[in-house]
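Engineer: Numbering (full-length UniProt numbering) for the sequence shown: 1 to 407.
There may be inaccurate statements among the hints.
What the hints assert, rightly or not - In silico SDA-like pairs for lysine to any residue, Cα to Cα no more than 20 Å straight-line:
#, residue 1, residue 2
1, LYS373, LEU346
2, LYS153, LYS372
3, LYS373, GLY83
4, LYS112, ASP196
5, LYS264, LYS373
6, LYS163, GLY140
7, LYS48, LYS142
8, LYS264, ARG296
9, LYS372, ILE358
10, LYS373, ILE402
11, LYS264, LYS116
12, LYS163, ASP195
13, LYS48, PRO15
14, LYS116, LYS153
15, LYS142, ALA36
16, LYS153, LYS142
17, LYS264, ILE308
18, LYS264, MET378
Source of the hints: derived by calculation from the structure; they are not laboratory data.
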Amino acid sequence: MNDSKTSTVDYSSFPDAKGHFGPYGGRFVSETLIHALDELETIYNNLKDDPSFQAEFDKDLAHYVGRPSPLYFAERWSRELGGAQIFLKREDLNHTGAHKVNNTIGQALLAKFTGKSRVIAETGAGQHGVATATVAARLGLKCRVYMGSEDIKRQALNVYRMKLLGAEVFSVTSGSRTLKDAMNEAMRDWATNVDDTFYIIGTAAGPHPYPQLVRDFQSIIGREARQQCLDQTGKLPDALVACVGGGSNAIGLFHPMLGDESVKMYGVEAGGLGVESGSHATRFYQGVPGVLHGNRTYLMQDTNGQIIETHSVSAGLDYPGVGPQHSWLHDIGRVNYVSITDQEALTSFRELTLIEGIMPALESSHAMAYVKKLAPTMSKDQIIIANLSGRGDKDIHTVAAIDGITI
1 MNDSKTSTVD
11 YSSFPDAKGH
21 FGPYGGRFVS
31 ETLIHALDEL
41 ETIYNNLKDD
51 PSFQAEFDKD
61 LAHYVGRPSP
71 LYFAERWSRE
81 LGGAQIFLKR
91 EDLNHTGAHK
101 VNNTIGQALL
111 AKFTGKSRVI
121 AETGAGQHGV
131 ATATVAARLG
141 LKCRVYMGSE
151 DIKRQALNVY
161 RMKLLGAEVF
171 SVTSGSRTLK
181 DAMNEAMRDW
191 ATNVDDTFYI
201 IGTAAGPHPY
211 PQLVRDFQSI
221 IGREARQQCL
231 DQTGKLPDAL
241 VACVGGGSNA
251 IGLFHPMLGD
261 ESVKMYGVEA
271 GGLGVESGSH
281 ATRFYQGVPG
291 VLHGNRTYLM
301 QDTNGQIIET
311 HSVSAGLDYP
321 GVGPQHSWLH
331 DIGRVNYVSI
341 TDQEALTSFR
351 ELTLIEGIMP
361 ALESSHAMAY
371 VKKLAPTMSK
381 DQIIIANLSG
391 RGDKDIHTVA
401 AIDGITI
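Please take these sequences and the hints and turn them into a complete structure.
Structural biologist: Following this line, the structure appears as structure tokens:
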């Protein structure tokens, strides 16, 4: 049974020919990068519907990444919360431990077609850096990963993993020493070395065509979840929940079901120490549209257009901007964007670990914390799918430090 009603909006027609989602997106970069972006757009448009390219992508997802990832019924947690049935899309079971590898597999194939010998990336939580280092090792490419020095401290395990994979991890000490500053440095590197370097952007942001191609590569999450839900329950989910930093895991889950009007969607931002504290990363609560990292989108900025420092216990959500498609979906009301504090996320990290034996990444713990609020408001015959975008092994040092434990 499929009880979906189709939306009158054709979401597949966005971005438009100039890379815009409504007033958001576009391409705001130096002239040096225009040729590289034109080249990438042409290659992607030629390959995205090419059967041989899609077959190679699907083969890698199946035999290297380990897809399809399961859709797991969290029976005990559902019973504990006393409302909707909760299903978890287990992206944490992918090779490298997060959804990030779906995108890096796709972009690595594009790098191969462009003939570039070097790849660069930026990373916050380290999962995109690990995924990029992994595909670079597999293809024999030189790899440099930019990472804020604050995030290097928080994600020491992933830094070591990248180095074992042969990547150079470049510590960024400017600004807040987090993801924003790492992306600044990666953009500078790309502008300097564009002839031999492919920039693997990790989230659905940046100049066109990156928001589109990252979304398309991550949409495997939503396509699988939609079909798995129909197979397991006979109907579509009533609600989708995913955390939103730049927003790649969320748009990957949401995009294939945007046209299904009955499916409500919730993107969960980092409320940090609380939205009233000023120490958070809730772009849709405090942000206003502006330009950063090559695209127009909602940003945390002051009245002079200067970026405001953000805060989250989760390195992957500690970013002042958000993918442009999310900004558009917010404005038209298709997705509800909410926030969860550090403390609420940490509580859900511990509860899911104890109740289901699944340790979520701190990013994913924000989504789990919102599920905890949403599920009791729904009936027992309704279904929530929450994206478990990564596993929490990488965050053990952060959680242990909060508990006063030295590992």
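Engineer: Compare the distance between the alpha carbons of LYS48 and LYS142 with 20 Å, and conclude whether the hinted pair is satisfied.
Structural biologist: 25 Å, violated
Engineer: Are the Cα atoms of LYS373 and LEU346 separated by 20 Å or less?
Structural biologist: 14 Å, holds
Engineer: Given the hint that LYS112 pairs with ASP196, test it: the Cα-Cα distance must not exceed 20 Å.
Structural biologist: 12 Å, holds
Engineer: Can you confirm whether the C-alpha distance between LYS153 and LYS372 stays at or below 20 Å?
Structural biologist: Violated, because 30 Å separates the two Cα atoms, which is more than 20 Å.
Engineer: Can the restraint linking LYS264 and LYS116 be considered satisfied, given a maximum Cα separation of 20 Å?
Structural biologist: Measuring from Cα to Cα gives roughly 41 Å; hence the hint is violated.
Engineer: Within 20 Å, alpha carbon to alpha carbon, are LYS372 and ILE358?
Structural biologist: 15 Å, holds
Engineer: Please work out if LYS116 and LYS153 have their alpha carbons no farther apart than 20 Å.
Structural biologist: 31 Å, violated
Engineer: Within a Cα-Cα threshold of 20 Å, do LYS264 and MET378 meet the stated pairing?
Structural biologist: Holds: LYS264 and MET378 sit about 12 Å apart, inside 20 Å.
Engineer: Are LYS264 and ARG296 close enough, with their CA atoms no more than 20 Å apart?
Structural biologist: 26 Å, violated
Engineer: Is the Cα-Cα distance between LYS48 and PRO15 20 Å or less?
Structural biologist: Since the Cα atoms of LYS48 and PRO15 sit roughly 15 Å apart, the hinted pair holds (cutoff 20 Å).
Engineer: Straight-line Cα separation of LYS163 and GLY140 no greater than 20 Å?
Structural biologist: With a Cα-Cα distance of about 14 Å, the restraint between LYS163 and GLY140 holds, given a limit of 20 Å.
Engineer: Decide if the proposed pair is consistent with the structure: LYS142 and ALA36, CA atoms, cutoff 20 Å inclusive.
Structural biologist: 19 Å, holds
Of the numbered hints stated above, those contradicted by the structure are hints 2, 7, 8, 10, 11, 12, 14, 16, 17, listed in ascending order.
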